[in-house]
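Listed below are the residues making up each chain.
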Amino acid sequence: DTEVTQTPKHLVMGMTNKKSLKCEQHMGHRAMYWYKQKAKKPPELMFVYSYEKLSINESVPSRFSPECPNSSLLNLHLHALQPEDSALYLCASSHPGLAGAYNEQFFGPGTRLTVL
Amino acid sequence: LAKTTQPISMDSYEGQEVNITCSHNNIATNDYITWYQQFPSQGPRFIIQGYKTKVTNEVASLFIPADRKSSTLSLPRVSLSDTAVYYCLVGEDDKIIFGKGTRLHILP
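Residue numbers (the working numbering), protein chains in the order written: chain C, 1 to 116; chain G, 1 to 108.
These aren't lab readings, by the way, just hints derived from the structure by calculation. Worth double-checking, as some hints may not be accurate.
As the list claims (entries may be wrong) - With a straight-line cut-off of 30 angstroms between C-alpha atoms, the simulated BS3-like cross-links for lysine-lysine are:
1. C/Lys38 to C/Lys18
2. C/Lys40 to G/Lys69
3. C/Lys41 to C/Lys18
4. G/Lys69 to C/Lys38
5. C/Lys38 to C/Lys22
6. G/Lys52 to C/Lys9
7. G/Lys69 to C/Lys41
8. G/Lys69 to G/Lys54
9. G/Lys54 to C/Lys38
10. G/Lys69 to G/Lys52
11. G/Lys52 to C/Lys41
12. C/Lys40 to G/Lys100
13. G/Lys3 to C/Lys41
14. G/Lys100 to C/Lys41
15. G/Lys3 to C/Lys38
16. C/Lys53 to C/Lys9
17. C/Lys40 to C/Lys19
18. G/Lys100 to G/Lys52
19. C/Lys22 to G/Lys100
20. G/Lys3 to C/Lys40
21. G/Lys3 to C/Lys53
Starting from the given sequences, assemble the full structure and let the hints guide the process.
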């Protein structure tokens, strides 16, 4: 199984709502990532989990809260978002990077988020 | 992290070989060069990775000169389905930064 799955595919939420995005992989990868991608822009790294611990937070606002309950699952909890947070949210996984090496990231199809 | 520069867009015709060059003047000794492909409303997909000289797989080749300050992704005999955005990334470990990418448009 070389697939990263993301749910839901689409999400529309109001600025006062609380919602969660889910990501799952069964490739035995111990690094998982959240990216945000606006239209016609490259993906921007948000968070990295390595061995279920948050290792990188790219100064993301606290209204985005990541969680890695186990090695196969990654969640992104959303609260009090703004319309400018509307974007495609991508999850990826890989074997953790080692100094002097880089491991291929497998991306999910993304969740298209619209904040009204 | 080394910054990458790629052409914003390229057009080519079906059946042609397409070469996309990426500049990365500040590449570090431990950095690898990796290329991803992305179709609209999909996640990026790994194409190829290299450190030096030439790497070839079933879909592409990657040419890296000795100074490693640039690299060229070569797609042989492209088809309409190769229309996508191609990203060149340089880095190591878990933190990678996507550059602006090259929008490749294949014409019939």
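How the hints compare with the structure:
1. Proposed proximity of lysine 38 of chain C and lysine 18 of chain C is supported: the alpha carbons are some 21 angstroms apart, at most 30 angstroms.
2. A C-alpha spacing of about 26 angstroms is found between lysine 40 of chain C and lysine 69 of chain G, which places the hinted pair at or below 30 angstroms, so the restraint holds.
3. A distance of roughly 26 angstroms separates the Cα atoms of lysine 41 of chain C and lysine 18 of chain C; the hinted pair therefore holds under the 30 angstroms criterion.
4. Restraint check: the Cα-Cα separation between lysine 69 of chain G and lysine 38 of chain C comes to about 29 angstroms, which is no more than 30 angstroms; the hinted pair holds.
5. With a C-alpha separation of about 19 angstroms, the suggested pairing of lysine 38 of chain C with lysine 22 of chain C holds against the 30 angstroms cut-off.
6. Using a Cα cut-off of 30 angstroms, the hinted pair lysine 52 of chain G and lysine 9 of chain C is violated, with the two alpha carbons roughly 39 angstroms apart.
7. This hinted pair checks out: lysine 69 of chain G and lysine 41 of chain C have alpha carbons roughly 24 angstroms apart, not beyond 30 angstroms.
8. This hinted pair checks out: lysine 69 of chain G and lysine 54 of chain G have alpha carbons roughly 14 angstroms apart, not beyond 30 angstroms.
9. For the suggested pair lysine 54 of chain G and lysine 38 of chain C, the alpha carbons sit about 33 angstroms apart, so the restraint of at most 30 angstroms is broken.
10. Using a Cα cut-off of 30 angstroms, the hinted pair lysine 69 of chain G and lysine 52 of chain G holds, with the two alpha carbons roughly 10 angstroms apart.
11. Distance check on the hinted pair: lysine 52 of chain G and lysine 41 of chain C sit about 28 angstroms apart at the alpha-carbon level, within 30 angstroms; holds.
12. For a cut-off of 30 angstroms, the pair hint linking lysine 40 of chain C to lysine 100 of chain G stands: about 9 angstroms separates their Cα positions.
13. Pair hint lysine 3 of chain G plus lysine 41 of chain C holds up; C-alpha atoms about 16 angstroms apart against a cutoff of 30 angstroms.
14. Of the supplied pair hints, the one linking lysine 100 of chain G and lysine 41 of chain C holds, its CA atoms being roughly 7 angstroms apart against a limit of 30 angstroms.
15. Of the supplied pair hints, the one linking lysine 3 of chain G and lysine 38 of chain C holds, its CA atoms being roughly 20 angstroms apart against a limit of 30 angstroms.
16. Taken as a hint, the lysine 53 of chain C and lysine 9 of chain C pair is honoured in the structure, with Cα atoms around 26 angstroms apart against an allowance of 30 angstroms.
17. With a C-alpha separation of about 25 angstroms, the suggested pairing of lysine 40 of chain C with lysine 19 of chain C holds against the 30 angstroms cut-off.
18. Restraint check for lysine 100 of chain G and lysine 52 of chain G: the C-alpha separation of about 23 angstroms stays at or below 30 angstroms, so the hint holds.
19. Only pairs whose Cα atoms come within 30 angstroms are accepted, and lysine 22 of chain C paired with lysine 100 of chain G is accepted, the gap being roughly 27 angstroms.
20. This hinted pair checks out: lysine 3 of chain G and lysine 40 of chain C have alpha carbons roughly 19 angstroms apart, not beyond 30 angstroms.
21. Only pairs whose Cα atoms come within 30 angstroms are accepted, and lysine 3 of chain G paired with lysine 53 of chain C is accepted, the gap being roughly 27 angstroms.
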